[in-house]
Amino acid sequence: MKHSWKILTCNALLAGLAYADDVPGWHRVGSAREDFEIRLDREVHHGGTASGMLECTKKRSKGTGTLEQDFRPEEYSGRRIRMRAWIKGEDAGRVMIYIRSEGPSGEILDFANTQLHAGHGTFDWRLHELVIDVPPESTVIQVGLILGEKGKAWMDNVSVEAVDRNVSRTGPPFSSSQANPRRAGIVVDHPALNLDFEQSPQ
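Quick note, my numbering runs 1129 ahead of the 1-based positions in the sequence shown.
Any given hint might turn out to be false.
Computed spacing ranges between beta-carbons, pair by pair [said to hold, decoys possible]: (1) L1245 to L1322: 24 to 32 Å; (2) G1314 to K1188: 35 to 43 Å; (3) T1251 to G1154: 38 to 46 Å; (4) E1172 to E1204: 27 to 35 Å; (5) E1266 to H1319: 31 to 39 Å; (6) R1294 to R1213: 16 to 24 Å.
Hints are computed from structural coordinates only; laboratory data are not their basis. Being a predicted model, the structure only gives us computed values, none of them experimental. Ideal Cβ placement from N, Cα and C applies to all residues, glycine included.
Generate the whole structure from the sequences, applying the supplied hints.
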């Protein structure tokens, strides 16, 4: 069965509470988060000494797992921003990155993912980028790596930066989603953390 991965990933990201794991600054969510683990990998990395790894612990999962981070939007309020990340897969069902901005009621104000260029199976490091807008009413920016069904995926050397308006947004115009009570009122008081995965657990 084929799914609309834009709808599927939006719903998966909104589902449930976050699980803390041993990747400082990052946490685990997803529609089947209990089927996945996240951790630092010091054997496989694109740059530096570590990457973030997301692994399905079952032979095949019916859902997705996500390595995710929320951070404050103030530095980018009213701006257009670009996320870049290197990703790698091993026997993976589907691998993609995403970025979104949320409003005070938990509504998604802008969203983009790499569903049209998703990785499958085993593949070496690839650079992906996404561009979205951060409206002034944004209260949270969220970035992440999604793995569907099986296998392993890695992410490394993530960056988020403001860009000029002449840099095109990723994908067609995005209409804000409905309010989400589970995400309403979330306040994040820190900037993006550990985007290079070099920070170890305390």
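Exercise for the section: Starting from the range 38 to 46 Å, see whether the pair T1251 and G1154 falls in it by beta-carbon distance. Expected result: Given range 38 to 46 Å: violated, Cβ gap about 27 Å.
Practice task
Please test the hint of 16 to 24 Å on the beta carbon pair from R1294 and R1213.
Solution key: Given a distance of about 18 Å, which is inside 16 to 24 Å, the answer is holds.
Exercise for the section: Determine whether the Cβ-Cβ distance between E1266 and H1319 falls within the hinted range of 31 to 39 Å. Expected result: violated (20 Å)
Practice task
Evaluate the given range 24 to 32 Å for the C-beta pair formed by L1245 and L1322.
Solution key: Holds, since L1245 and L1322 (Cβ atoms, about 29 Å apart) stay within the stated range.
Exercise for the section: Could you see if the CB distance from E1172 to E1204 stays within 27 to 35 Å? Expected result: With Cβ atoms ~33 Å apart, the hint holds.
Exercise for the section: Using the Cβ atoms, figure out if G1314 sits within 35 to 43 Å of K1188. Expected result: Check passed, 39 Å falls within 35 to 43 Å.
Checked against the numbered hints above, the structure violates hints 3 and 5; every other hint is satisfied.
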